[in-house]
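Student: Going down the list, the protein sequences come from chains D and Z.
Just so you know, the working numbering puts 70 at position 70 of the first sequence, and the rest follows in order with no gaps.
Just so you know, the working numbering puts 1031 at position 31 of the second sequence, and the rest follows in order with no gaps.
Worth flagging that the hints you see were computed from the coordinates, not collected in a lab.
Even glycine gets a Cβ: it sits at the ideal position worked out from N, Cα and C.
Watch out, some of these pointers could steer you wrong.
In the BS3-like style, the derived pairs of lysine-lysine whose C-alpha atoms are separated by at most 25 Å in a straight line are [what the hints assert, rightly or not]:
hint: 1; chain 1: Z; residue 1: Lys1062; chain 2: Z; residue 2: Lys1052
hint: 2; chain 1: D; residue 1: Lys114; chain 2: D; residue 2: Lys169
hint: 3; chain 1: D; residue 1: Lys43; chain 2: Z; residue 2: Lys1061
hint: 4; chain 1: D; residue 1: Lys99; chain 2: D; residue 2: Lys43
hint: 5; chain 1: D; residue 1: Lys169; chain 2: Z; residue 2: Lys1126
hint: 6; chain 1: D; residue 1: Lys101; chain 2: Z; residue 2: Lys1062
hint: 7; chain 1: D; residue 1: Lys97; chain 2: D; residue 2: Lys114
hint: 8; chain 1: D; residue 1: Lys169; chain 2: Z; residue 2: Lys1052
hint: 9; chain 1: D; residue 1: Lys114; chain 2: Z; residue 2: Lys1062
So, partial list: chain Z residues that the calculated Cβ filter (under 8 Å) puts toward chain D [as the list claims (entries may be wrong)]:
hint: 10; residue: Ser1038
hint: 11; residue: Phe1117
hint: 12; residue: Leu1123
hint: 13; residue: Gly1135
hint: 14; residue: Thr1149
hint: 15; residue: Asn1159
hint: 16; residue: Ala1167
hint: 17; residue: Ser1170
Residues per chain, in single letters:
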Amino acid sequence: MTTIKEKKHHDFLTGNTDFEVRSLDAESVNESALNDSGWSFFKYLVAGILFGVILVKSEVISWFRIQEMFRLQSFHMFGVIGSAVVVGIISVWLIKKFKLKTIHGEPIELMNKKFHNGTIYGGLLFGFGWAITGACPGPLFAQIGTGATVIIVTLLSAIAGTWVYGRVKSHLPH
Amino acid sequence: MNIIDWLSRPWPWYVAGPLIGLMVPALLLMGNKTFGISSSLRHICAACIPSKIPFFQYDWKKEAWNLFFVGGVLLGGLLVVLLLQNPQPVQVNPKLAAELSGYGISNYNGMVPIELFNWNTLLSAKGLIMMVGGGFLVGFGTRYAGGCTSGHAIMGLSNLQWPSLVATISFMAGGFLVANFVLPYILNL
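All chains should be built: construct the whole structure from the sequences, respecting the hints.
Tutor: Quick look at the structure:
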């Protein structure tokens, strides 16, 4: 049985061409028809703080831990990522099985990722950068928070990299 | 032993990993948000320097939650330093410590080795390659691949997306190649 709310949300998803365009290459697209404002942003700030604390305390943002991972000298990083994925798979499965809704009552719909060759080329390039900087995008923010102020330069460079990708996107193999 | 001391010690993988995994349902239940960090870089471009590039022409304000989230990640790092700082340097595999000492890296107090990442070395060849070049690869590569460790390896795999598995394998392969075969040359500069 489809409720009016579910139908409305589905119409929003399928009728929103902007969403369609962006979902081709963004991994994070707004799947809610509701607009966030004011206090509703606060919960994402709190979630971010918690995530930042976990990243630092588990040392997954440590350049040294990343070097250990890529030299296969420690199980730590593989344990963190592996157990996170297992918990994530179970969570998503439960959300789908019980058709859970958001706290605002919207149905949760997940989009499929589209494959293109850029997934491999870009993935390798990001891997190169990960090994050098010891950071993926999230850890860059967390490293700055721990007082490594020079990482602001690395973050600005990552923003520049994203911008250049957008600029030359149509000339790249995908 | 009080709780602050206990939380200040490094968290083992079997505590941190499941907590990171719970970010996936937490964001979905909060408002249909898919876990992912690297998009924040794109939203910053769209907000600050869209330059009429189609890739940055969208309503970034609809994605503003992502910017609050990464702002929180930065504050989380600060919070740890203020309240939950581990007094001990990070404990690494002795083989790695032996290798790194050959490059003059011996300070394990920070999240990044202070000998490599500081304002004084920024304009050296090594500093430019590692901080500016490395950062550029992170930003360019994640967007080209359509996601990073959070968006692909955690969110994508949680939703059983095979492109995310390909992406994750590519991240690991790229990192393995550079860490073992290229980084030693950079560190010797």
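Student: Could you work out which of the previously given hints the structure breaks and list their numbers from low to high?
Tutor: Hint check: 5, 12 fail, others pass.
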